[in-house]
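Taken in order, these protein sequences are the chains called U and C. For the first sequence, the positions run 295 to 637 when my numbering is used. For the second sequence, the positions run 868 to 1221 when my numbering is used.
The set of hints was computed from the structure by calculation and includes no laboratory data. Even glycine gets a Cβ: it sits at the ideal position worked out from N, Cα and C. Hints may be right or wrong, so weigh each one.
Said to hold, decoys possible - Subject to a maximum C-alpha distance of 27 Å in a straight line, what follows is the list of computed BS3-like cross-link-like pairs (lysine-lysine): (1) U:Lys426 to C:Lys980; (2) U:Lys426 to U:Lys501; (3) C:Lys894 to U:Lys335; (4) U:Lys417 to C:Lys1073; (5) C:Lys894 to U:Lys501; (6) C:Lys980 to U:Lys417; (7) C:Lys1207 to U:Lys322; (8) U:Lys421 to C:Lys946; (9) C:Lys1206 to U:Lys430; (10) C:Lys1073 to C:Lys1043; (11) C:Lys1040 to U:Lys418; (12) U:Lys506 to C:Lys1135; (13) C:Lys894 to U:Lys418; (14) U:Lys601 to U:Lys394; (15) C:Lys895 to U:Lys506; (16) C:Lys1043 to C:Lys1056; (17) U:Lys426 to C:Lys1073; (18) U:Lys322 to C:Lys1073; (19) U:Lys418 to U:Lys604; (20) U:Lys511 to C:Lys1135; (21) U:Lys322 to C:Lys946; (22) U:Lys430 to C:Lys923; (23) C:Lys894 to U:Lys492; (24) U:Lys424 to C:Lys874; (25) C:Lys894 to U:Lys426; (26) C:Lys1040 to C:Lys980; (27) U:Lys449 to U:Lys342; (28) U:Lys424 to C:Lys895; (29) C:Lys1073 to U:Lys418; (30) U:Lys430 to C:Lys1073; (31) U:Lys421 to C:Lys1073; (32) C:Lys894 to U:Lys453; (33) C:Lys1206 to U:Lys447.
Said to hold, decoys possible - In silico negatives: residues of chain U with every beta carbon more than 10 Å from chain C: (34) Met295; (35) Gln306; (36) Pro331; (37) Pro370; (38) Lys394; (39) Gly434; (40) Glu454.
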Amino acid sequence: MVNLQDLKKEVQKILKEGKIKYFIGYEKREDEPFAKPSFIKKPEDVEKLTWNPTCVHNLARFLVFEKRRKASEKEPDERPVGIMVKGCDSRAINVLIQEKFINREDVYIIGVSCENTGVIDEKKLSKKLKNKQAQKIDFGEKDNFVVTTNDGKMKVPSKEILADNCLECKTNYPVVYDVFLGEKIERKPEDPFESIKKIESLSPKEKYNFWKEQIDKCIRCYACRSVCPMCYCDECVVDSIELSVTAETTADEKAKKIIWTEKSPVSSENFTYHLVRAIHMAGRCVDCGECERVCPVDIPIRLLNKKLEKEVVELFDYEAGFDSDRPPLLSSFKEKDPQEFIR
Amino acid sequence: MDKILKKNSLSQWIKKLESYTIYAPVKKDQVWEYEIMESPDNIELDYPNTVLSPKKIIFPQREVFLEFNRSDENDLEIKEILPEEKPTIVFGVRPCDARALTITDKVFRSDIKDIYYSKKREQTTLVGLACNTPPSPHCFCTSVGGNPYSKEGLDILMTDLGDRYYIESITEKGYKLINSAKNLFTQPKTEDKKALEKNRTESKKKIQQQIKDIDKIPPKLNQMFDSPFWDEQSLGCIRCGICTYICPTCHCFDISDEITSTFPLQGKRIRTWDTCQFPSFTMHSSGHNPRPDRASRLRQRVFHKFQYFVERYQEYMCIGCGRCVDQCPVGINIIEILKKVRDYESKSLHAKTS
Chain U
295 MVNLQDLKKE VQKILKEGKI KYFIGYEKRE DEPFAKPSFI KKPEDVEKLT
345 WNPTCVHNLA RFLVFEKRRK ASEKEPDERP VGIMVKGCDS RAINVLIQEK
395 FINREDVYII GVSCENTGVI DEKKLSKKLK NKQAQKIDFG EKDNFVVTTN
445 DGKMKVPSKE ILADNCLECK TNYPVVYDVF LGEKIERKPE DPFESIKKIE
495 SLSPKEKYNF WKEQIDKCIR CYACRSVCPM CYCDECVVDS IELSVTAETT
545 ADEKAKKIIW TEKSPVSSEN FTYHLVRAIH MAGRCVDCGE CERVCPVDIP
595 IRLLNKKLEK EVVELFDYEA GFDSDRPPLL SSFKEKDPQE FIR
Chain C
868 MDKILKKNSL SQWIKKLESY TIYAPVKKDQ VWEYEIMESP DNIELDYPNT
918 VLSPKKIIFP QREVFLEFNR SDENDLEIKE ILPEEKPTIV FGVRPCDARA
968 LTITDKVFRS DIKDIYYSKK REQTTLVGLA CNTPPSPHCF CTSVGGNPYS
1018 KEGLDILMTD LGDRYYIESI TEKGYKLINS AKNLFTQPKT EDKKALEKNR
1068 TESKKKIQQQ IKDIDKIPPK LNQMFDSPFW DEQSLGCIRC GICTYICPTC
1118 HCFDISDEIT STFPLQGKRI RTWDTCQFPS FTMHSSGHNP RPDRASRLRQ
1168 RVFHKFQYFV ERYQEYMCIG CGRCVDQCPV GINIIEILKK VRDYESKSLH
1218 AKTS
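Excised from the complex, chain U in its bound form (with noise of 0.2 Å):
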């Protein structure tokens, strides 16, 4: 297990010494069961770090404002930063230092083991709770969680709780970091591709009309792409907006200028939006769940994504995230690649 004190100490050693500028871990918030990002600056702030299968978020999605905010900087301090990951969020960092977003050297990791589990499910969790309200949750022994409510503690098995991606998770700790804390424990799912299988046994009727009735339900607030650490195109496809437009420029040529997708949130322009976004996944997704749990309406974004995993683990034997060394598996050619679309 980790011990969270040794992170508190680790991190606070590296603070002292000046290895990094500032840390993103997770703290725990006042009356509130879940955890929430964290940035620690100050040493004596390492108190507030926690870790606890409330920690959800990839904080990996921060290196991307943190490399935003160096380029605007005139003097940037060029210490690396400090992160805590899981396993799927330490992939993200493989794939972002594989594309050449970050360097290696931008960052000082600490991977921590997910316990032989994972982090929770917020709407699984309020629904085997019911009218209760979770106070805490912690990393129980092997397969459980503890739940403390306004009713006691209570032990939950893990598979009734955990996220989906966690249950389909092939590697709970992190596969690179500078400091490790926790065990590695291999765990292999019964089926990494589960949550996929009602939907391919679809017809494309059927399939076309799931999607719509998913679809169709985005209010276009883009929390999935804002929270994506793979979405960190300075300009999104949907933002796609012509700003040298003056008043001299025609209505003509405002028409003729490209807008991929409008903001109507409508069919045609939720489809676009959501299947140009996964498209870009590809041999991307490290699948760690944040866009699906952060959706507002509800919409499994993750299974869009899970197929392309799927497509590329069978067509190219490419996992994402694994090795920063490999080639990003889009910008590289094998011979033995299978190519029939192109003959």
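Starting from the known structure of chain U, fit chain C onto it as the hints suggest.
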């Protein structure tokens, strides 16, 4: 006018109102939303907060203003699209969500009357349901001038008294709905009135979140525009639009032309929701962005609700429904932020004011 309606008569009442388009809370997958009701028999009024408030019915995310068509150089045809005649009822409105409409009324139905908003507002009857228990652990309506049984903005308020509803009709529109099924309603007895009072005292006590001395916040904000506070508070923000899109009082919008054909030029002029949380919000053609970072966008959200709006309309632009707290993916909590603003006493603040 007060009445009593037995719970098992509710569907019969709704059946009498079939000339209206009726919305009610519906559970879809894991979330609740106001949807057009398919059958009055399945109406469920035991729901938490819906993701979107009835704002989505009065001020929909997309509204078409006009259609244009230029068939040749000299002929531009413009067809104005006016809001349609569609008498509507929304059942099971939370008192805070109805209050939210009295706030957006100030923007859309005052000096300049927005015909799209006004038409929908006028033809919609809001049937509220008092909150016996808070629908969210983050409800804080009592701190911003509301309460779990507020009648502001509603046409009817129903209160669940176990086997019956205590019905209060507040407006002419509300009275009309009750009148259309007169025989289903009975006069309240003294014990009903007592039960109602007891219910109210208890429901108010159940609100877990309180922001004391909230009136100190607008003047405090006035001194905090340039404070590093906003940088600290926004570090975790991922710049999505959830907090503002699901907010019942947020009302920023954008108007754009959607082109469906270039030759001949055809398209629609539409209004869609906009949010201060997006980088493109009020971005200038020159490329200058008045709110270039997450800190200035979070500040905009808090200032609009608790400073600019208060200055202009003497009211908070927040009804304390707790949706933004419930839904923020990174735990940004406006209740915490407001308490911190109220208690903010930094050295830099003193240095600036002294």
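Status of each hint after checking the structure:
With a C-alpha separation of about 46 Å, the suggested pair Lys426 of chain U and Lys980 of chain C falls outside the 27 Å cut-off, and the hint is violated. Of the pairs offered as hints, the one joining Lys426 of chain U and Lys501 of chain U is violated, with about 37 Å between alpha carbons and a cut-off of 27 Å exceeded. Pair hint Lys894 of chain C plus Lys335 of chain U does not hold up; C-alpha atoms about 44 Å apart against a cutoff of 27 Å. Taking the CA atoms of Lys417 of chain U and Lys1073 of chain C, the gap is near 23 Å; set against the 27 Å cutoff, the hint holds.
Under the criterion of a C-alpha separation no larger than 27 Å, the hint pairing Lys894 of chain C with Lys501 of chain U is consistent with the structure, at around 22 Å. Proposed proximity of Lys980 of chain C and Lys417 of chain U is contradicted: the alpha carbons are some 41 Å apart, above 27 Å. Restraint check: the Cα-Cα separation between Lys1207 of chain C and Lys322 of chain U comes to about 17 Å, which is no more than 27 Å; the hinted pair holds. For the hint pairing Lys421 of chain U with Lys946 of chain C, the CA-to-CA distance comes to about 50 Å; that exceeds 27 Å, so the pair is violated.
In summary, the hint linking Lys1206 of chain C to Lys430 of chain U is supported, as the alpha carbons are separated by about 23 Å, within the 27 Å threshold. Between the alpha carbons of Lys1073 of chain C and Lys1043 of chain C the distance comes to roughly 33 Å, so the proposed pair goes past 27 Å and is violated. For the hint pairing Lys1040 of chain C with Lys418 of chain U, the CA-to-CA distance comes to about 41 Å; that exceeds 27 Å, so the pair is violated. Distance hint between Lys506 of chain U and Lys1135 of chain C is fulfilled; the C-alpha atoms sit about 23 Å from each other, no more than 27 Å.
Of the pairs offered as hints, the one joining Lys894 of chain C and Lys418 of chain U holds, with about 16 Å between alpha carbons and a cut-off of 27 Å not exceeded. A C-alpha spacing of about 26 Å is found between Lys601 of chain U and Lys394 of chain U, which places the hinted pair at or below 27 Å, so the restraint holds. Straight-line distance between C-alpha atoms of Lys895 of chain C and Lys506 of chain U comes to about 14 Å, which keeps the hinted pair within the 27 Å bound. At roughly 22 Å between alpha-carbon atoms, Lys1043 of chain C and Lys1056 of chain C fall within 27 Å of each other, so this suggested pair holds.
The hinted pair formed by Lys426 of chain U and Lys1073 of chain C meets the criterion: a straight-line CA distance of about 15 Å does not exceed 27 Å. Simply put, Lys322 of chain U and Lys1073 of chain C have alpha-carbon atoms about 25 Å apart, close enough for the 27 Å limit, and the pair holds. Distance check on the hinted pair: Lys418 of chain U and Lys604 of chain U sit about 25 Å apart at the alpha-carbon level, within 27 Å; holds. At roughly 22 Å between alpha-carbon atoms, Lys511 of chain U and Lys1135 of chain C fall within 27 Å of each other, so this suggested pair holds.
Only pairs whose Cα atoms come within 27 Å are accepted, and Lys322 of chain U paired with Lys946 of chain C is rejected, the gap being roughly 56 Å. Distance restraint check for Lys430 of chain U and Lys923 of chain C: the Cα-Cα separation of roughly 35 Å exceeds the 27 Å cut-off, and the hinted pair is therefore not satisfied. For a cut-off of 27 Å, the pair hint linking Lys894 of chain C to Lys492 of chain U stands: about 22 Å separates their Cα positions. With a C-alpha separation of about 24 Å, the suggested pair Lys424 of chain U and Lys874 of chain C falls inside the 27 Å cut-off, and the hint holds.
A distance of roughly 20 Å separates the Cα atoms of Lys894 of chain C and Lys426 of chain U; the hinted pair therefore holds under the 27 Å criterion. Taken as a hint, the Lys1040 of chain C and Lys980 of chain C pair is honoured in the structure, with Cα atoms around 21 Å apart against an allowance of 27 Å. The suggested pairing of Lys449 of chain U with Lys342 of chain U holds, with an alpha-carbon distance near 26 Å, which does not exceed 27 Å. As the CA atoms of Lys424 of chain U and Lys895 of chain C are separated by approximately 18 Å, the hinted pair is consistent with the 27 Å bound.
The hinted pair formed by Lys1073 of chain C and Lys418 of chain U meets the criterion: a straight-line CA distance of about 25 Å does not exceed 27 Å. Restraint check for Lys430 of chain U and Lys1073 of chain C: the C-alpha separation of about 21 Å stays at or below 27 Å, so the hint holds. Our distance criterion of 27 Å between C-alpha atoms is met by Lys421 of chain U and Lys1073 of chain C, whose separation comes to about 21 Å. About 25 Å separates the Cα atoms of Lys894 of chain C and Lys453 of chain U, which keeps this hinted pair within 27 Å; it holds.
Distance check on the hinted pair: Lys1206 of chain C and Lys447 of chain U sit about 31 Å apart at the alpha-carbon level, beyond 27 Å; violated. At the 10 Å boundary, the C-beta of Met295 of chain U stays outside the reach of chain C, the nearest C-beta of that chain being 25 Å off. In this structure Gln306 of chain U is separated from chain C by more than 10 Å, as the shortest Cβ-Cβ distance comes to about 20 Å. Not every beta carbon of chain C lies more than 10 Å from that of Pro331 of chain U, the smallest distance being close to 4 Å; the non-interface claim is violated.
Distance check for Pro370 of chain U against chain C: the nearest CB is about 15 Å away, which clears 10 Å, and the non-interface claim stands. Residue placement check: Lys394 of chain U keeps its beta carbon more than 10 Å from all beta carbons of chain C (closest about 23 Å). For Gly434 of chain U, the condition that its CB be more than 10 Å from all CB atoms of chain C holds, with the nearest at approximately 24 Å. With 10 Å as the threshold on Cβ separation, the claim that Glu454 of chain U sits away from chain C holds: the shortest Cβ distance comes to roughly 15 Å.
Hints 1, 2, 3, 6, 8, 10, 11, 21, 22, 33 and 36 from the earlier list are contradicted by this structure; the remaining hints agree with it.
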